[in-house]
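Colleague: Work the whole structure out from these sequences, hints included.
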Amino acid sequence: MYPNHFRYTKDHEWVEVKGDIATIGITDYAQNHLGDVVYVELPAPGKHLDVHQTIGSIESVKAVSEVFSPVSGEVLEANGDLNGSPEVVNQDPHGKGWIIRLKMGNKGDLEKLLSAADYEKYLEGLEA
Amino acid sequence: MSYIALSDQDKKEMLARIGVSSVDELFGCLPDEIKLKRKLNLREALTEPELLRRFEELSAKNSYVDHLSFLGAGIYRHFIPTVVDSLSSRGEFLTPYTPYQPEISQGTLQVIFEYQTLICQLTGMDVSNASLYDGAMAAAEAVLMANRLNGRPKVLVARSLHPQYRETIRTYVKNLGVRIEEIAFGDCGGIQTEDLLKHLDKNTSAVLVQSPNFFGAVEELKKFCDLAHQHQALFIVAVAEAASLGVLEAPGQIGADIVCGEAQSFGLAPSFGGPHLGFMACKKEHLRQLPGRIGGQTKDVDGRRGFVLTLSTREQHIRREKATSNICTNQAWCALRATMFLETLGQDGLREWAVQNIQKADYALGRLTAVTGIKARFTGPVFNEFVLEFSRDVQAVEAGLRAKGIVGGLGLKGFYPELAPCALFCVTEVHTKAEIDRLAVALEEVLR
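So the protein lines, in turn, are chains A and B.
Our numbering applies: residue 10 is where the first sequence begins, and numbers increase by one.
Our numbering applies: residue 393 is where the second sequence begins, and numbers increase by one.
The reader is advised that the hints may include incorrect statements.
FRET-style restraints, in silico, Cβ to Cβ [to be verified]:
#1 GLN624(B) x GLY134(A): 44 to 50 Å
#2 LYS56(A) x ASP785(B): 53 to 59 Å
#3 TYR456(B) x ALA72(A): 48 to 54 Å
#4 TYR489(B) x LYS112(A): 48 to 54 Å
#5 GLY134(A) x GLU574(B): 55 to 61 Å
#6 GLU75(A) x THR474(B): 51 to 57 Å
#7 GLU75(A) x LEU443(B): 56 to 62 Å
A short list of chain B residues far from chain A (calculated; beta carbon distances all over 12 Å) [as the list claims (entries may be wrong)]:
#8 SER399
#9 LYS427
#10 ARG430
#11 PHE471
#12 SER480
#13 PHE485
#14 GLY569
#15 ASP694
#16 GLY806
#17 GLU837
Source of the hints: derived by calculation from the structure; they are not laboratory data.
Note that the coordinates shown come from a computational prediction; the quantities given were computed from them, not determined experimentally.
C-beta: ideal position from N, C-alpha, C; glycine also.
Modeller: If you want it as structure tokens, here you go:
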């Protein structure tokens, strides 16, 4: 379920790193608990984000939730497809439902994040 | 139990219900020394006829009813069809508050939906909110909205925007890191293109222009809108005299991103300054940042048409400090009156009404500037207001007119020191030709 090469936060964001580019989204657990996503508020490219700074918000039929950046860096691109089809976040949270790509400022940020195994263990604790 | 009377029997029943035997026992827990041992210093109660007479005496002190007034400057005297008073004062319309529960509020919600539809048609925009408190607040909310949309720190505001709107905007942005810069006006009465160009840059969040502006002049919106867009700034149009929308091109047609303003002219009396009706509309793409309530059309479980408040996740009761605005209500009854007013006039009536304003103001401008000692301060086309420059002290002119039972225009010295010898006059459809002539004759006498 949770790809091994991703890193995760306890706020249920994932990050996939290729070179110094980080792709960020929300986890399957998060989309499942939010319910049907109806709107994703995206940041403008060029915006600098610190660790745990708000990327934007995700609005579902049930609630509005903030999305926090797992790593620091500069926004390269936001997933414009989500403007017309926010439901992709539900359908493919770890793939086409990505939210932003970031040029990472500090690779050390990754060290504080969870591995897939740790994240799954964390989820088990939440479900218990 | 009637809520009006408070008979001894009523008191006894209430005390019995809460289980005490007397009023003294009810307040028994209070320390004796803080209790008032005498009756309140109030006059004896009046009988109903005495009370009515008292209020008639008080209202007779209002001298405005005996004066012929040419004041405008953001609040306008227009005719209100009797049907608006008659229908809007019905209990079903007069008493409802913001309709949280669609199950019991279909009528109010439908009115809000119709109001929004009318505002969209008049402004040429895609989405309208359910109303705000007044035009100044709507302008300030528009500035905040632009800042949320593009995050840029500077807003350019025409100096020809209503001075109280500018003051309200400054108050709203005071602690938000948004900088307000003013764009000068030229001899036409509208903003100077060169000055706009001087201030426009990549830090500009929005350009806010009022049209017709505070001086009554119609601004060249298309030109300024295009210039703003060339710098990726948003273009906001403020309309303080909504009657102008009956004949002037809809701001949405020329490309405005946000249109805000005051709709008091649609069926609301001046009433010493309120309650009035702020309106705000925007392009669909900016919908998520629009503040305030929005009514929407939907279907119930049986597929029947119904109305609800929609997109509430922008709002304070859901988003808390992340909400688009701290407004969590609207001027529903004022919006209802505006809706009734507009639907009574209809499309043709609205246009005819607006044209009457232009024609009467045009006649007045010609007649008054023919008086020795008066000239038009600006050259641009006007809607129903214009600025006159006097050869004599404006205050003396005002006093002279008042002695003749006329409230002339608004002296501009307090708002614009550079326009000290000037006053702003407003002429609407309620003024007759005879009244305009009376003003002209009075001015001739005062200036002689």
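Colleague: None of the hints should be skipped; say for each whether it holds.
Modeller: Each hint tested on the structure:
1. Checking the proposed 44 to 50 Å range against GLN624(B) and GLY134(A) shows it holds: the Cβ atoms sit about 47 Å from each other.
2. The hint said 53 to 59 Å for the Cβ distance between LYS56(A) and ASP785(B), and at roughly 56 Å that hint holds.
3. About 53 Å separates the C-beta atoms of TYR456(B) and ALA72(A), a value consistent with the hinted range of 48 to 54 Å.
4. Taken as a hint, the range 48 to 54 Å holds for the pair TYR489(B) and LYS112(A), whose Cβ atoms sit roughly 51 Å apart.
5. Taking the beta carbon of each, GLY134(A) and GLU574(B) are about 58 Å apart, inside 55 to 61 Å as hinted.
6. The given range of 51 to 57 Å is respected by GLU75(A) and THR474(B), whose C-beta atoms sit roughly 53 Å from each other.
7. Checked against the hint of 56 to 62 Å, the pair GLU75(A) and LEU443(B) passes, with Cβ atoms roughly 58 Å apart.
8. At roughly 52 Å, the least C-beta separation between SER399(B) and chain A is larger than 12 Å, which holds for a residue marked as non-interface.
9. For LYS427(B), the condition that its CB be more than 12 Å from all CB atoms of chain A holds, with the nearest at approximately 52 Å.
10. Separation of ARG430(B) from chain A is adequate, the least Cβ-Cβ distance of about 57 Å exceeding the 12 Å criterion.
11. Listed as outside the interface, PHE471(B) is consistent with that label: its C-beta sits roughly 44 Å from the nearest C-beta of chain A, beyond the 12 Å cut-off.
12. Distance check on SER480(B): its Cβ is at least 36 Å (rounded) from any Cβ of chain A, clearing the 12 Å threshold; non-interface status holds.
13. A cut-off of 12 Å between C-beta atoms confirms that PHE485(B) is not in contact with chain A; the least separation is 32 Å.
14. No Cβ of chain A comes within 12 Å of the Cβ of GLY569(B); the nearest lies about 16 Å off, and the non-interface call holds.
15. In this structure ASP694(B) is separated from chain A by more than 12 Å, as the shortest Cβ-Cβ distance comes to about 21 Å.
16. Interface exclusion of GLY806(B) from chain A stands, the closest Cβ pair being 42 Å apart, more than 12 Å.
17. Remark: the non-interface label on GLU837(B) is consistent with the geometry, its nearest Cβ contact in chain A lying 63 Å away (cut-off 12 Å).
In terms of the numbered hints stated before, the structure departs from none.
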